[in-house]
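**Student:** Okay, here's what each chain looks like letter by letter:
Protein chains: 2
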Amino acid sequence: MADTKVQILPKDTLHFPDADRGFLEPHLPEKGRKVGKSKFPFTTLTFATSLDSQLALSPGAPTALSGPQSKAMTHYLRSRHDSILIGVGTAVADDPSLNCRLEGVGGYGGKGTDGQPRPIIVDPNARWDFTEHSKLLKLCRDGKGKAPYIITGLLEPPADKKAILDKYGGKFITLAIHKSDIGEHRLDWGEVLQTLVKEDLASVMIEGGGAVINSLLHPKYSSMIDSVIVTIAPAWLGQGGVVVSPQRRLSDEGKPIAAARLDSVKWHPFGDDVVLCGKVKL
Amino acid sequence: MADTKVQILPKDTLHFPDADRGFLEPHLPEKGRKVGKSKFPFTTLTFATSLDSQLALSPGAPTALSGPQSKAMTHYLRSRHDSILIGVGTAVADDPSLNCRLEGVGGYGGKGTDGQPRPIIVDPNARWDFTEHSKLLKLCRDGKGKAPYIITGLLEPPADKKAILDKYGGKFITLAIHKSDIGEHRLDWGEVLQTLVKEDLASVMIEGGGAVINSLLHPKYSSMIDSVIVTIAPAWLGQGGVVVSPQRRLSDEGKPIAAARLDSVKWHPFGDDVVLCGKVKL
Numbered sequence: 001m002a003d004t005k006v007q008i009l010p011k012d013t014l015h016f017p018d019a020d021r022g023f024l025e026p027h028l029p030e031k032g033r034k035v036g037k038s039k040f041p042f043t044t045l046t047f048a049t050s051l052d053s054q055l056a057l058s059p060g061a062p063t064a065l066s067g068p069q070s071k072a073m074t075h076y077l078r079s080r081h082d083s084i085l086i087g088v089g090t091a092v093a094d095d096p097s098l099n100c101r102l103e104g105v106g107g108y109g110g111k112g113t114d115g116q117p118r119p120i121i122v123d124p125n126a127r128w129d130f131t132e133h134s135k136l137l138k139l140c141r142d143g144k145g146k147a148p149y150i151i152t153g154l155l156e157p158p159a160d161k162k163a164i165l166d167k168y169g170g171k172f173i174t175l176a177i178h179k180s181d182i183g184e185h186r187l188d189w190g191e192v193l194q195t196l197v198k199e200d201l202a203s204v205m206i207e208g209g210g211a212v213i214n215s216l217l218h219p220k221y222s223s224m225i226d227s228v229i230v231t232i233a234p235a236w237l238g239q240g241g242v243v244v245s246p247q248r249r250l251s252d253e254g255k256p257i258a259a260a261r262l263d264s265v266k267w268h269p270f271g272d273d274v275v276l277c278g279k280v281k282l
Numbered sequence: 001m002a003d004t005k006v007q008i009l010p011k012d013t014l015h016f017p018d019a020d021r022g023f024l025e026p027h028l029p030e031k032g033r034k035v036g037k038s039k040f041p042f043t044t045l046t047f048a049t050s051l052d053s054q055l056a057l058s059p060g061a062p063t064a065l066s067g068p069q070s071k072a073m074t075h076y077l078r079s080r081h082d083s084i085l086i087g088v089g090t091a092v093a094d095d096p097s098l099n100c101r102l103e104g105v106g107g108y109g110g111k112g113t114d115g116q117p118r119p120i121i122v123d124p125n126a127r128w129d130f131t132e133h134s135k136l137l138k139l140c141r142d143g144k145g146k147a148p149y150i151i152t153g154l155l156e157p158p159a160d161k162k163a164i165l166d167k168y169g170g171k172f173i174t175l176a177i178h179k180s181d182i183g184e185h186r187l188d189w190g191e192v193l194q195t196l197v198k199e200d201l202a203s204v205m206i207e208g209g210g211a212v213i214n215s216l217l218h219p220k221y222s223s224m225i226d227s228v229i230v231t232i233a234p235a236w237l238g239q240g241g242v243v244v245s246p247q248r249r250l251s252d253e254g255k256p257i258a259a260a261r262l263d264s265v266k267w268h269p270f271g272d273d274v275v276l277c278g279k280v281k282l
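Protein sequence lines, in the order shown, are assigned to chains A and B.
For the first sequence, position 158 matches number 158 in the numbering used here, and the numbering has no gaps at all.
For the second sequence, position 30 matches number 30 in the numbering used here, and the numbering has no gaps at all.
A couple of the hints might just be wrong.
Unchecked claim - Calculated cross-link-like contacts (lysine-lysine; reagent style DSS-like; alpha-carbon spacing at most 27 Å):
id : chain 1 : residue 1 : chain 2 : residue 2
1  : A       : K71       : A       : K135
2  : A       : K71       : B       : K281
3  : A       : K71       : B       : K279
4  : A       : K71       : B       : K266
5  : B       : K71       : A       : K281
6  : A       : K279      : B       : K266
7  : A       : K279      : B       : K71
Honestly, the hints are just simulated from the structure, not real lab data.
All chains, please: the whole structure from these sequences, using the hints.
**Tutor:** This is the structure in structure tokens:
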């Protein structure tokens, strides 16, 4: 006899057909991966761009770029990672949700917050000015997402923000600030990723924004990336948007060379878009 | 009995398998197309970029971007068009060959210059400083290409250059110079394309460089493009190269919108690269 129990799913629940999952599998952390195998999490860099390598028309601008299939794919990818990481610029500009709306995860047919990734915000100076009205915390209240961990360089993050995070089960995590070669003060990606493992997060999907992606494609960090999944939409946004293009590299002879290349490349046409999967060539 | 005549082909002759030709066919001018059907030629915009939409590390820099299959494809596309057009910037920076090295065309196993496209250089001020040592003219001497037509705004192009072109069967073609909305003096793409038809060239493949491509993707001109074929290589060149990204568009309400979109889109994985075929959405 068929199960007669009818479950009401939220209207914005997404479906990602099994038939589309296969091509992604070799590029994802194995199911049930636990921390302990490596001091780094399985790290996937994933984003969607236009043909002119732009994430958006401007920071925070709603930019209809990739199709509905690609959107559902993003949520499937989220369901396959323990955490999603973004930079503070994106948090400030987008008021992001960072949850997973795939049918079957917690809040969308599943139990509790099962399958919901932990949002991670990299925010060296704790400048993300969130409140309980921020989308991310609203989703926590509704049982549709987990509270964020905010990775900062501040020894004493703002008390009011800390109180909000405490209430929902999130927290600030303080790491050392380093002076880079070019004099910037910033967190070190290696330490950020190792911190996730200490928090029992065995995998992370890094979604943006431009500054985060460009920095991770630098040879100093690209060895920490296990998998790259880029969706490309057949449109040019035009000059002036948020561009993915890492810092130029120089050869030993001082000549410019490609900043980063992928190998083990697979292209998968997907609706009007294409999905590119690969690994950064070291 | 098998034909025992052995033909020696130049060492740099390229082969493009029949099996790879099919997917391109709907995006190409029909074989044997004649002028007369339209006042415009069949116009294909085609180029190869990195993931960060760059044609080259810098103008004229040899940039190993797309794979050998994509190179052979480019020469097949050249064999399917009556002419190849580039801007003067590319002519100056690259000392280009602009011929077709596909097996079977003139100079590569074929008769005379059969199947060789006519090189068209758009050079408003006739600043391309070519000599008989320029690659393009050397190829003419060797029977491996046709002499260029140079489209200029000068009523009296330099006599020494004109003498060289005359000798090889090329020429200058003078068109009117127009003052654009933003005060630049330039040729009009509509007039350039119509001139090709007057020269009995029923199709043109526009290959670059960045300024030419960005200008043709502007809505003012994109209706003149019949087909767009872009090869994308899985590498980021890094900030500072020659970028394809057209001018930003604004909506009727003054908000930025995508500069250009393609429809009738096909993505074709091709070696490590992908080939995108489509039409500009009007």
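**Student:** Under the constraints set out in the numbered hints, which ones does this structure not fulfil?
**Tutor:** Structure breaks no hint.
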